[in-house]
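Which chain is which? The protein sequence lines are A and E, in order.
Number 283 in this note's numbering belongs to position 283 of the first sequence; there are no gaps in the numbering.
Number 73 in this note's numbering belongs to position 73 of the second sequence; there are no gaps in the numbering.
It should be emphasised that the hints constitute simulated quantities derived from the structure, not laboratory data.
Careful: at least some of the hints might be erroneous.
Listed below are several chain E residues computed to face chain A (Cβ distance under 10 Å; list not exhaustive) [what the hints assert, rightly or not]:
no.	residue
1	P36
2	T56
3	I85
4	L104
5	E123
6	M135
Only pairs whose alpha carbons sit at most 20 Å apart, straight line, appear in this in silico EDC-like list of lysine to aspartate or glutamate [said to hold, decoys possible]:
no.	chain 1	residue 1	chain 2	residue 2
7	E	K28	A	E193
8	A	K388	E	E123
9	A	K104	A	E246
10	E	K28	A	D187
11	A	K499	A	E487
Note that the coordinates shown come from a computational prediction; the quantities given were computed from them, not determined experimentally.
For glycine and all other residues, C-beta sits at the position ideal for the given N, C-alpha and C.
What follows is the residue order along each chain.
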Amino acid sequence: MLEQLAQGYLGMFHNLSTLGFWWWLLAGIVVGLILGVIPGIGGMTFIPLFLPFALYLEPLDALTFIIALSSTTSAGGAITAVLAGVPGESANIATMIDGYPMTKKGQGSRALGAALGGSSFGSILAGLAAAAMIPLVLPMIMAVRSADMVFVVMVGLTFIAALSSGSTLKGLISAGMGVLVAFVGYDFGTLTERFMFGSNYLYDGIPTIPVALGLMALPPMIDLAMGGGTIARVREEVTELRQVWEGYKDVFRHWKLSVRCSLIGYIIGIIPGIGSGTAIWVTYAHAKQSSKTPEKFGTGMVEGVIAPQCAADAKEAGSLLTTMALGLPGSAMYAIILMGFYMVNVVPGPSMLTEHLDLTLTLEYVIILASIIGEIGICFTLAPQMAKLAYVPARIMVPIVISLVFLGAYASNSRIEDVLTMVIFAGLGLAMIRLGYNRAAFIIGFILGGELEHYLRLGIATGGAFFFMRPISIGLIALGIAVLAYEPIKGILAKRRAKLA
Amino acid sequence: MKIKRSSYFLILLLVLLLLAIVLSFRMKSFEAKLLPLAFAGVTSVLIAIQLGRELTAKTEDAGKTAITTAGSYEVERGSISQLLIVVAWLVGLLVSIWLFGFYLSISAFIIAYMILHGSRWLETIIATISVLALMYGVFGRLLGLPMYLGLIFNMLGYY
Numbered sequence: 001m002l003e004q005l006a007q008g009y010l011g012m013f014h015n016l017s018t019l020g021f022w023w024w025l026l027a028g029i030v031v032g033l034i035l036g037v038i039p040g041i042g043g044m045t046f047i048p049l050f051l052p053f054a055l056y057l058e059p060l061d062a063l064t065f066i067i068a069l070s071s072t073t074s075a076g077g078a079i080t081a082v083l084a085g086v087p088g089e090s091a092n093i094a095t096m097i098d099g100y101p102m103t104k105k106g107q108g109s110r111a112l113g114a115a116l117g118g119s120s121f122g123s124i125l126a127g128l129a130a131a132a133m134i135p136l137v138l139p140m141i142m143a144v145r146s147a148d149m150v151f152v153v154m155v156g157l158t159f160i161a162a163l164s165s166g167s168t169l170k171g172l173i174s175a176g177m178g179v180l181v182a183f184v185g186y187d188f189g190t191l192t193e194r195f196m197f198g199s200n201y202l203y204d205g206i207p208t209i210p211v212a213l214g215l216m217a218l219p220p221m222i223d224l225a226m227g228g229g230t231i232a233r234v235r236e237e238v239t240e241l242r243q244v245w246e247g248y249k250d251v252f253r254h255w256k257l258s259v260r261c262s263l264i265g266y267i268i269g270i271i272p273g274i275g276s277g278t279a280i281w282v283t284y285a286h287a288k289q290s291s292k293t294p295e296k297f298g299t300g301m302v303e304g305v306i307a308p309q310c311a312a313d314a315k316e317a318g319s320l321l322t323t324m325a326l327g328l329p330g331s332a333m334y335a336i337i338l339m340g341f342y343m344v345n346v347v348p349g350p351s352m353l354t355e356h357l358d359l360t361l362t363l364e365y366v367i368i369l370a371s372i373i374g375e376i377g378i379c380f381t382l383a384p385q386m387a388k389l390a391y392v393p394a395r396i397m398v399p400i401v402i403s404l405v406f407l408g409a410y411a412s413n414s415r416i417e418d419v420l421t422m423v424i425f426a427g428l429g430l431a432m433i434r435l436g437y438n439r440a441a442f443i444i445g446f447i448l449g450g451e452l453e454h455y456l457r458l459g460i461a462t463g464g465a466f467f468f469m470r471p472i473s474i475g476l477i478a479l480g481i482a483v484l485a486y487e488p489i490k491g492i493l494a495k496r497r498a499k500l501a
Numbered sequence: 001m002k003i004k005r006s007s008y009f010l011i012l013l014l015v016l017l018l019l020a021i022v023l024s025f026r027m028k029s030f031e032a033k034l035l036p037l038a039f040a041g042v043t044s045v046l047i048a049i050q051l052g053r054e055l056t057a058k059t060e061d062a063g064k065t066a067i068t069t070a071g072s073y074e075v076e077r078g079s080i081s082q083l084l085i086v087v088a089w090l091v092g093l094l095v096s097i098w099l100f101g102f103y104l105s106i107s108a109f110i111i112a113y114m115i116l117h118g119s120r121w122l123e124t125i126i127a128t129i130s131v132l133a134l135m136y137g138v139f140g141r142l143l144g145l146p147m148y149l150g151l152i153f154n155m156l157g158y159y
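Produce the complete structure using the sequences and hints provided.
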């Protein structure tokens, strides 16, 4: 194993020495920061647009760009959260609660420094933790067989359905529908047409990029078009770089809080289904409870800015490790990133910690490098200028982004029918949002449905009908049942307590 | 008993799933139908339970201006007419692309949308030219993507 690790690190250093790597890292950082600053569009809009381009790139270059982009959007979003009172990303909502009041009190520069410092601290600490965990995780991953992977996927889907926002039942319905849609197409294993209705278009199944664009990218644009105006309406000027630096120093003044929140965010990121929403609120609540002046939270406390930003960025390193090692994305963003892996023919799973260990290590360090270059380097000097992007009117942004989304849907396979598919799934996405269904569960089910069937067939072929009679599989089945049973049992116990009271 | 919008959605899903179950039964290979039947069956049961809950629920949904947190961002429910207008724009763009291709349709869409929403001509032209340049330069030349020219132009002999 030591030899494997050494080879992995050697490969990583080789990757870091290529010019292409640094070019795509910088491109991802810049695009990620810009997307993060603009409320309403983020990684989930842009990454599916980028996927058709990924086909023409080396896997390392494409994945470096995608990971750098996704890991810097939260920092970009913190800029508008603090300066304009509008969170650029949902991960910045908690940051805004104390960040914007600080700006109103004339401490905007310091709040900005604290937010960006928290982001970079969380990213660096969690990135190092993830890289250090790989030797510990490797033996566990190696013990997992194809038969066990069936239940890894099933439990992962259960976690995502149960732990994400909204009701568990709706989450399970979304996941089930996503898996079913994955079965459309010609099944080469059994030479059977499934749900094709005689259409050649559906021969290879429903294409992934139009689904991703329709479900994730178009609904925010529709909502933006309905809302109109600019998202950010109040301008606050920030010019004091010295105060920005003071904010960075605040992260180290409160180093114990920063470390705790980064680790909380990292652990939450590892568990599939728990998104950034949970990470930021858990750490915000923790910062408030552990403060000597909790009553002042919400009025402009720097700890209220540091804690959620540390967690929001630390979560990325944890989510990336789970996505790469198990092929199990923890959130909608990572479901899209998982698509990127498949597009460049890199299949996440146990092989990422064996044959492709160099790539895994490289991508974890991309998070660290993106943080140093983007959050410390670029944002420190250009944050006030970047904040102006939040004032781009919707009437300019909407038609441009929608045009690019339509183009992106066509570009994946050069088929005009894909544009129609994208629009249909946009309608589904909009309905799911309005009615409280989990789009992340749907898209994860859609991506993993094919893998689930593949592992099931392998498991049955190697282990027979009782392929699941393995300790790991039984443990996973028990875990899945426990997760599903938790809420109903909690409800029954609460009713009993209420009756007794 | 008032049927909510969400219940209509569930009924539609249930119909689709029952169709999926019937089609799965018709598949000759057991291996091919196993997972589709399993997931369609289980999901149908879940939908039926959710539908039952919604139809027997006592409280109504929140009002038209409710904020819901869904997926990755907060959504303020706008009016139905606003939604229909935006949907009309999208459907119009889709039909236009099918008939006239990407270049003409996207240019017309950007110009029409921006002007009708109060943009000045200069910023509209800059935005349109920028997107066209991106389309031609990146998608057309760099990626070598054969840009769809539209049914009308195909019929006129342009490919």
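Status of the hints after comparison with the structure:
For E:P36, the suggested interface contact is upheld, since its CB lies about 5 Å from the closest CB of chain A, less than 10 Å. For E:T56, the interface hint is violated, since its Cβ never comes within 10 Å of a Cβ in chain A; the closest pair sits about 14 Å apart. The beta carbon of E:I85 comes within 8 Å of a beta carbon in chain A, closer than 10 Å, and the hint placing it at the interface holds. Of the supplied interface hints, the one on E:L104 is violated, with its beta-carbon coming no nearer than about 12 Å to a beta-carbon of chain A, more than 10 Å.
With 10 Å as the threshold, the beta carbon of E:E123 comes within range of chain A, its nearest partner Cβ sitting at about 7 Å, so the hint holds. Proximity of E:M135 to chain A holds as hinted, the smallest CB-CB distance being about 6 Å (cut-off 10 Å). Of the supplied pair hints, the one linking E:K28 and A:E193 holds, its CA atoms being roughly 10 Å apart against a limit of 20 Å. Straight-line distance between C-alpha atoms of A:K388 and E:E123 comes to about 17 Å, which keeps the hinted pair within the 20 Å bound.
The straight-line distance between the Cα atoms of A:K104 and A:E246 is roughly 17 Å, inside the 20 Å bound, and the hint therefore holds. Distance hint between E:K28 and A:D187 is fulfilled; the C-alpha atoms sit about 12 Å from each other, no more than 20 Å. For a cut-off of 20 Å, the pair hint linking A:K499 to A:E487 stands: about 18 Å separates their Cα positions.
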